[in-house]
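**Student:** Here are the chains, one letter per residue:
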Amino acid sequence: METLITILVGVLVTVAVYLLLSKSLIRVILGTAILSHAVHLLLMTMGGLKKGAVPLLGENAEKYTDALPQALILTAIVISFAVTSFLLVLAYRTYKETGSDNLFLLRGPKDE
Amino acid sequence: MNNIIVMPMLIPLLTGILLVFLRPYIKVQRVFSLVSMTATVAVSVYILDLIQTDGILRIDFGGWLPPYGISFVADSFSMLLVLTTAIVTGILLIYAFSSIGRRHESMFFYPFVFFLVAGVNGSFLTGDLFNLFVCFEVMLLSSYVLITLGGRKVQLVESIKYISINVLSSWFFLVGIAYLYGTVGTLNMAHLSVRIAEVGQGPLLTVISIIFLVVFSLKSGLLLYFWLPGSYSAPPTVVAALFGALLTKVGIYAMFRVFTLIFYHEPGVTHSIIGIMAALTIIGGSMGAIAYNDIRQIVSYNVVIAVGFILVGLAVSTEVAFQGSIYYLIHDMIIKALLFLLAGTMIYLTGTSKIEKMSGLIRNYPLLGWLFFITMLSLAGIPPLSGFIGKVYVGQGAIETGSYFLLAIAFLSSIFVLYSLLRIFINCFWGETIINEDDDVPLKKGMLIPLVMFGILTIALGVGAEGLAPYVSDAARTLMNPEIYIDAVLTSDR
Numbered sequence: 000m001e002t003l004i005t006i007l008v009g010v011l012v013t014v015a016v017y018l019l020l021s022k023s024l025i026r027v028i029l030g031t032a033i034l035s036h037a038v039h040l041l042l043m044t045m046g047g048l049k050k051g052a053v054p055l056l057g058e059n060a061e062k063y064t065d066a067l068p069q070a071l072i073l074t075a076i077v078i079s080f081a082v083t084s085f086l087l088v089l090a091y092r093t094y095k096e097t098g099s100d101n102l103f104l105l106r107g108p109k110d111e
Numbered sequence: 000m001n002n003i004i005v006m007p008m009l010i011p012l013l014t015g016i017l018l019v020f021l022r023p024y025i026k027v028q029r030v031f032s033l034v035s036m037t038a039t040v041a042v043s044v045y046i047l048d049l050i051q052t053d054g055i056l057r058i059d060f061g062g063w064l065p066p067y068g069i070s071f072v073a074d075s076f077s078m079l080l081v082l083t084t085a086i087v088t089g090i091l092l093i094y095a096f097s098s099i100g101r102r103h104e105s106m107f108f109y110p111f112v113f114f115l116v117a118g119v120n121g122s123f124l125t126g127d128l129f130n131l132f133v134c135f136e137v138m139l140l141s142s143y144v145l146i147t148l149g150g151r152k153v154q155l156v157e158s159i160k161y162i163s164i165n166v167l168s169s170w171f172f173l174v175g176i177a178y179l180y181g182t183v184g185t186l187n188m189a190h191l192s193v194r195i196a197e198v199g200q201g202p203l204l205t206v207i208s209i210i211f212l213v214v215f216s217l218k219s220g221l222l223l224y225f226w227l228p229g230s231y232s233a234p235p236t237v238v239a240a241l242f243g244a245l246l247t248k249v250g251i252y253a254m255f256r257v258f259t260l261i262f263y264h265e266p267g268v269t270h271s272i273i274g275i276m277a278a279l280t281i282i283g284g285s286m287g288a289i290a291y292n293d294i295r296q297i298v299s300y301n302v303v304i305a306v307g308f309i310l311v312g313l314a315v316s317t318e319v320a321f322q323g324s325i326y327y328l329i330h331d332m333i334i335k336a337l338l339f340l341l342a343g344t345m346i347y348l349t350g351t352s353k354i355e356k357m358s359g360l361i362r363n364y365p366l367l368g369w370l371f372f373i374t375m376l377s378l379a380g381i382p383p384l385s386g387f388i389g390k391v392y393v394g395q396g397a398i399e400t401g402s403y404f405l406l407a408i409a410f411l412s413s414i415f416v417l418y419s420l421l422r423i424f425i426n427c428f429w430g431e432t433i434i435n436e437d438d439d440v441p442l443k444k445g446m447l448i449p450l451v452m453f454g455i456l457t458i459a460l461g462v463g464a465e466g467l468a469p470y471v472s473d474a475a476r477t478l479m480n481p482e483i484y485i486d487a488v489l490t491s492d493r
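Each protein sequence line maps, in turn, to chains X and G. Under numbering that gives the first Met the number 0, read the first sequence as residues 0 to 111, first letter to last. Under numbering that gives the first Met the number 0, read the second sequence as residues 0 to 493, first letter to last.
Because the hints were derived from the structure by calculation, they are not lab data. Using N, Cα and C, we set each Cβ at its ideal position, and we do this for glycine too. A couple of the hints might just be wrong.
[Said to hold, decoys possible] Which residues of chain G face chain X? A few of them, derived with a C-beta cut under 10 Å, are: (1) F132; (2) E136; (3) V137; (4) L140; (5) V144; (6) T147; (7) G150; (8) V156; (9) S158; (10) S169; (11) G184; (12) R362; (13) N363.
[Said to hold, decoys possible] Restricting the straight-line Cα-Cα distance to at most 20 Å, the calculated cross-link-like pairs of lysine-lysine (PhoX-like) are: (14) K95(X) with K152(G); (15) K50(X) with K62(X); (16) K443(G) with K22(X); (17) K22(X) with K152(G); (18) K26(G) with K95(X); (19) K26(G) with K353(G); (20) K26(G) with K443(G).
[To be verified] Restraint ranges, calculated between C-beta atoms of paired labels, are given here: (21) G445(G) with L55(X): 54 to 64 Å; (22) L20(X) with F372(G): 45 to 55 Å; (23) P469(G) with V77(X): 38 to 48 Å.
Model the full assembly from the supplied sequences, consistent with the hints where possible.
**Tutor:** Structure representation (structure tokens):
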């Protein structure tokens, strides 16, 4: 299972990098969103996927699943949502202000 | 257990939330923000003093003992930085009162400054790596808002670059955390240090440490500083000063923490890389600082030089060098804030940022000229001012370990700093004044007072370095001997 998820993470990172390298601002933002989801899966996988019972005290199971990675990605997901929504609003404002979402045009020289 | 440690993060956070509701009452916002900053300063001084008698303090949230729970740890190093943050932000707020403008003030400028400070202080105080990531994000999200607030075209365009870089570096941070957790199974910094000492820092852990090096380099502008000059010159003066004084320092702090506490077993690899990166940063920063004719660019590149210089202290890694770096960190937070404010004030007075379009400012604004002169000397490390002592100690550390190349580069950078600022000084302050009596913009009192306060602070830090010495040497001792930190965090009887 871990191997499968690791491959999935690899695929997601590939897709994200492809999107990040494109000229359109919206694609770059989608790229960052996919990139963060890839790392969330990675966090989950590195902690070990389901190994035993649910991590509740008093279950008296032999082995418990590690609950920490889930807590970690929960926090990370919230943060990545916040950043992504901020970026989307920023992209909209930039489009309104400059009339373009092409990063090649946006980067233009400013003090020459 | 000591609940007061959480206050330097809690006070700004609560103030920020409170100020959101006080949006229409700008006067009340100003008073509240000053009062709460003063309170933060007072609490920080108290904690710093407490550490000298009680040793390193720790709070376990919810009573979960480390390594299981989240904890805040306050040692001298972090508290010195928290204190400086609070003082610098307090003075910057005074400057903001008269310069930021009504539009900013009614669009939640003050709340976001406080959220930024909460994130910065949280990063300084936290005791585990994931919490460090969260505090970084709190700080970064507020900085995103502050850099875009105002919505001018250049701000929007520059902030896209800034945010994308930071999203990417946060991504690397999470990758590093994931691998580290998969390898040693903990994220508490003291516990990590113990575990890594047990299993030995093999090649795998060294690679993970280099991921962290990349992350913190991106945040602090060590070698990977290409985003910095653009984004630091886009926002209004106060925000730029806040960024220049605080944001890069958090990255530097994290780097010190991680490479003295956790990954200190392979200095031949990691610390050599830091040394090389620091040298390249200084060279690149120096070239940038003398290449431009735009004040804001010159000032931004001066931030880069300072980052390189401070990390020379980490690269040579002796107790004396750590002391030097800590002195220089404190000095740099104060003097960079002053430098950015001076540059911003000059742009405000003349309406241009090109040095060839200004002349003879010292005739109209003598005090401003003298303050710039003091700043220049302080940055170059002339003795009675605050930059001197840090440079001496870092130099001494470099000589102890025989890193003469780093020493030469670090000290040559002072000449480039001096030259780049001297160019501004000669071009803008000397010569015939081009401002005639009619369009002479009066320098507001509210702008001059914070500048003078920073000026006094840099002199006081230079002259009164002896008063600070016990705290700094305690901080350097803790950095040099990680077991002090580990003992304080992992003993459960406190």
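**Student:** For each hint, tell me whether it holds in the structure or not.
**Tutor:** How the hints compare with the structure:
no.	hint	verdict
1	F132	holds (8 Å)
2	E136	holds (5 Å)
3	V137	holds (9 Å)
4	L140	holds (6 Å)
5	V144	holds (8 Å)
6	T147	holds (6 Å)
7	G150	holds (6 Å)
8	V156	holds (5 Å)
9	S158	holds (7 Å)
10	S169	holds (8 Å)
11	G184	holds (8 Å)
12	R362	violated (28 Å)
13	N363	violated (26 Å)
14	K95(X) with K152(G)	holds (10 Å)
15	K50(X) with K62(X)	holds (7 Å)
16	K443(G) with K22(X)	violated (45 Å)
17	K22(X) with K152(G)	holds (19 Å)
18	K26(G) with K95(X)	violated (33 Å)
19	K26(G) with K353(G)	violated (35 Å)
20	K26(G) with K443(G)	holds (18 Å)
21	G445(G) with L55(X): 54 to 64 Å	holds (59 Å)
22	L20(X) with F372(G): 45 to 55 Å	holds (47 Å)
23	P469(G) with V77(X): 38 to 48 Å	holds (42 Å)
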